[in-house]
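Heads up: the protein sequence lines correspond to chains A and B, in order. In terms of our numbering, the first sequence has 18 at position 18, counting the first letter as 1, and numbering is strictly consecutive. In terms of our numbering, the second sequence has 324 at position 324, counting the first letter as 1, and numbering is strictly consecutive.
Note that these hints are calculated values from the structure, not bench results. All figures in this text were calculated on a predicted structure; none of them were measured in a lab. The reader is advised that the hints may include incorrect statements.
One copy or any two copies: either way a pair holds, since identical chains are not told apart in the list.
Said to hold, decoys possible - In silico BS3-like pairs for lysine-lysine, Cα to Cα no more than 27 Å straight-line: (1) Lys187 x Lys20; (2) Lys387 x Lys2; (3) Lys340 x Lys2; (4) Lys272 x Lys2; (5) Lys391 x Lys2; (6) Lys111 x Lys3; (7) Lys187 x Lys3; (8) Lys387 x Lys3.
Protein chains: 2
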Amino acid sequence: MKKQLHFDRAEFAARVTAVKQAMASRGIDILILSEPANQNYLTGYNAYSFYTPQTVIVALNHDEPIWIGRFMDRISAVMTTYLSDESIRAYPDRYVQSNLSPYDFMADVAKEMGGERATIGVEMGGYYYSARAHADLIRALPLARFVDADVLVNWIRIVKSPAEIAIMRQAGRIADAMMQRAIDIIKPGVRECDIAAAVYYQMMAGTPDCGGSYACSPPYLCIGERAIAPHAAWTDEALPASTSINLELFGNRHRYQVNLSRSIVVGNPSPKYQLLSEVVVEALNASLESVRPGRTCSELEEVFRKALARHGFEKEARLGYSIGVGFPPAVGERTASLRKGDETVLQPGMTFHMMPGLWLDTVGITITQSFAVTENGHEPLTSTPRKLFVK
Amino acid sequence: MKKQLHFDRAEFAARVTAVKQAMASRGIDILILSEPANQNYLTGYNAYSFYTPQTVIVALNHDEPIWIGRFMDRISAVMTTYLSDESIRAYPDRYVQSNLSPYDFMADVAKEMGGERATIGVEMGGYYYSARAHADLIRALPLARFVDADVLVNWIRIVKSPAEIAIMRQAGRIADAMMQRAIDIIKPGVRECDIAAAVYYQMMAGTPDCGGSYACSPPYLCIGERAIAPHAAWTDEALPASTSINLELFGNRHRYQVNLSRSIVVGNPSPKYQLLSEVVVEALNASLESVRPGRTCSELEEVFRKALARHGFEKEARLGYSIGVGFPPAVGERTASLRKGDETVLQPGMTFHMMPGLWLDTVGITITQSFAVTENGHEPLTSTPRKLFVK
Numbered sequence: 001m002k003k004q005l006h007f008d009r010a011e012f013a014a015r016v017t018a019v020k021q022a023m024a025s026r027g028i029d030i031l032i033l034s035e036p037a038n039q040n041y042l043t044g045y046n047a048y049s050f051y052t053p054q055t056v057i058v059a060l061n062h063d064e065p066i067w068i069g070r071f072m073d074r075i076s077a078v079m080t081t082y083l084s085d086e087s088i089r090a091y092p093d094r095y096v097q098s099n100l101s102p103y104d105f106m107a108d109v110a111k112e113m114g115g116e117r118a119t120i121g122v123e124m125g126g127y128y129y130s131a132r133a134h135a136d137l138i139r140a141l142p143l144a145r146f147v148d149a150d151v152l153v154n155w156i157r158i159v160k161s162p163a164e165i166a167i168m169r170q171a172g173r174i175a176d177a178m179m180q181r182a183i184d185i186i187k188p189g190v191r192e193c194d195i196a197a198a199v200y201y202q203m204m205a206g207t208p209d210c211g212g213s214y215a216c217s218p219p220y221l222c223i224g225e226r227a228i229a230p231h232a233a234w235t236d237e238a239l240p241a242s243t244s245i246n247l248e249l250f251g252n253r254h255r256y257q258v259n260l261s262r263s264i265v266v267g268n269p270s271p272k273y274q275l276l277s278e279v280v281v282e283a284l285n286a287s288l289e290s291v292r293p294g295r296t297c298s299e300l301e302e303v304f305r306k307a308l309a310r311h312g313f314e315k316e317a318r319l320g321y322s323i324g325v326g327f328p329p330a331v332g333e334r335t336a337s338l339r340k341g342d343e344t345v346l347q348p349g350m351t352f353h354m355m356p357g358l359w360l361d362t363v364g365i366t367i368t369q370s371f372a373v374t375e376n377g378h379e380p381l382t383s384t385p386r387k388l389f390v391k
Numbered sequence: 001m002k003k004q005l006h007f008d009r010a011e012f013a014a015r016v017t018a019v020k021q022a023m024a025s026r027g028i029d030i031l032i033l034s035e036p037a038n039q040n041y042l043t044g045y046n047a048y049s050f051y052t053p054q055t056v057i058v059a060l061n062h063d064e065p066i067w068i069g070r071f072m073d074r075i076s077a078v079m080t081t082y083l084s085d086e087s088i089r090a091y092p093d094r095y096v097q098s099n100l101s102p103y104d105f106m107a108d109v110a111k112e113m114g115g116e117r118a119t120i121g122v123e124m125g126g127y128y129y130s131a132r133a134h135a136d137l138i139r140a141l142p143l144a145r146f147v148d149a150d151v152l153v154n155w156i157r158i159v160k161s162p163a164e165i166a167i168m169r170q171a172g173r174i175a176d177a178m179m180q181r182a183i184d185i186i187k188p189g190v191r192e193c194d195i196a197a198a199v200y201y202q203m204m205a206g207t208p209d210c211g212g213s214y215a216c217s218p219p220y221l222c223i224g225e226r227a228i229a230p231h232a233a234w235t236d237e238a239l240p241a242s243t244s245i246n247l248e249l250f251g252n253r254h255r256y257q258v259n260l261s262r263s264i265v266v267g268n269p270s271p272k273y274q275l276l277s278e279v280v281v282e283a284l285n286a287s288l289e290s291v292r293p294g295r296t297c298s299e300l301e302e303v304f305r306k307a308l309a310r311h312g313f314e315k316e317a318r319l320g321y322s323i324g325v326g327f328p329p330a331v332g333e334r335t336a337s338l339r340k341g342d343e344t345v346l347q348p349g350m351t352f353h354m355m356p357g358l359w360l361d362t363v364g365i366t367i368t369q370s371f372a373v374t375e376n377g378h379e380p381l382t383s384t385p386r387k388l389f390v391k
């Protein structure tokens, strides 16, 4: 079975060490991770199998993390992680949709690692840690003390290594190719679903040297009056002779995602809409140029806000968020946001999606930029021009 | 704002009535639904917004369900549901990723509906009902009695109306088009990611009269030695001159999903592999021909198992499961399974994915059939021939 590992062993070891340090400082003996992105980060595990109970356990007294999942997915753990065989544990299929709880199986592994009376961290707000999962674990480990360790690993993930940045550059090139394809085919008469089709095609086809993967959410095609419905589904309808489109696309490479939004006008943009786009780009550029290690997220937002204010505009609450490795349903790391009051200090290797939205009544402009913080500034992760596209 | 409703008001009313009857019989006053598919079923709501807290509340003493979600998604509720304005409640963005809990907001709505001392049903095992969501709700409603109402709505969804079946036929035609496109392009030298690209393209482009939507999971491309890793990601590698592929695809129309798997051989199948495929098809056909209202899921499995046994083969545990409306991460209704011991009685309007898998060491055959139970038999929901494809 051919191994698919995208980072070397030393990098995984450094990640695990950093997590153990955070655990120790918070008095956590055993960490039970339900978030697929955190599982991937610490072990490399990559398969769409997290819809049945699946965890990675990190114990202070144990060298390797332990992956626990469904029997049929065991082979994916062999294929995509560096873990030794004894660190890959699979529960039999009789635990799936039955009276047995896979969390009993997981609790037994935790006990084996000294978890019976330990302090156990769990991800209370995670997508794949249901109310029942927590109830089952508590019942199976009645003497343990449970604490909320939500986003503990996420805060370590926030600084990307050079190897991670290299993969995010590839994801960025895929996002560029997706946007180019969308701009190429958008014209009056094209069905909305066919724009989605073209975008999805390119998401997977990627570039000649670099294929893509499914993103953490569908692309968002906010067309015409649906501009104000950011997460709505597309329809079968054909584009009219004149409309505006806000397109939010996601390139994904080895689960690392880079976001890219552009506004596209079919027909002639009104002078007011054109002006709006120029103001957004000016403020976006000003904020990007202000990126430096040592500055805070809040400061980036302030630069943007003041640049807008010079033209008499106000902006929405959040200017952006940290991005990186992710699985459905969402890429957001739930760590730093580019917003007023977020005092996270920028460090080289942090990556963000800066996504200003500016609205006039029911039409809006979204021209965004994903970037990495570098030693002395920023590196854009996509190269699509920052401008309003007109077709 | 143009309404996008795919069922008439009477059908939604009947669904709500059926849910209220089930609630009453279990002593539940108020049902707080976190599963997006159940929200869609009762209100029509369709947007990819469930990654932030979102619920639909059904109260015995209240005519309409109440949708509660994030402010920016309110407009999607206006657009895709029949709910009156006062039944659409949105929490402000200051509840998103902050110290405030959206569940406090939801608890206030529940109180308004008499929920303070009520018996409240929640979906303990749902994907979007986290341990923290439950803890927050219990804290906000300390005098209420919470009971597990997981899959209560799912068991009502299991019987589809004629209008739902009509949409699933469209989803089936999309699945057929996806499989045809995959078979067309599969040949030595094609990158795996380009097969994924073609399949995704067709998932959205659908048919000329009927566009598609994103499925509940990515398609599964189990190629060569990855045949035994059912949920693994595809790679950038080119197909070799000779290999076997198990392809699991999902057509989706208005959130209704129809599944379709086929095995495809590149090069010449071994006589043993060809024989295996013929045995699977024979047993699949025998089980399909035995479908009748009044029979049980267990009986369908038995017919299949005996047909295999005539050729000296044994099968895996589960022969299939109920399908219907769904959102990521999984389409499974978590209700009836076609397996030994499942005594669910077949009724017209039930829909299943019958998915036998038969394995010889590390190669396997997956030739499957999604179908609806009719008054006197079954109706296939896809028309791709049930056979091994050779390229």
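Outcome of the hint check:
For a Cα distance limit of 27 Å, the shortest separation of Lys187 from Lys20 qualifies neither inside one copy, at 53 Å, nor across copies, at 47 Å. Taking CA atoms no more than 27 Å apart as the test, Lys387 paired with Lys2 passes in neither setting, with 44 Å inside one copy and 30 Å between copies. Taking CA atoms no more than 27 Å apart as the test, Lys340 paired with Lys2 passes in neither setting, with 47 Å inside one copy and 36 Å between copies. When the C-alpha separation of Lys272 and Lys2 is checked against a cutoff of 27 Å, the pair qualifies only between copies, where the shortest distance is 25 Å, while the shortest distance within a copy is 56 Å.
In this assembly of identical chains, the alpha carbons of Lys391 and Lys2 lie at most 27 Å apart only when taken from different copies (25 Å versus 46 Å within one copy). When the C-alpha separation of Lys111 and Lys3 is checked against a cutoff of 27 Å, the pair qualifies neither within a copy, at 30 Å, nor between copies, at 54 Å. In the homo-oligomer, the alpha carbons of Lys187 and Lys3 lie at most 27 Å apart only across protomers (24 Å), although the nearest pairing inside one protomer, at 44 Å, exceeds that limit. For the identical chains of this complex, Lys387 and Lys3 are neighbours neither inside a copy (42 Å) nor across copies (32 Å), given an alpha-carbon limit of 27 Å.
Going through the hint list in order, the structure does not satisfy hints 1, 2, 3, 6, 8.
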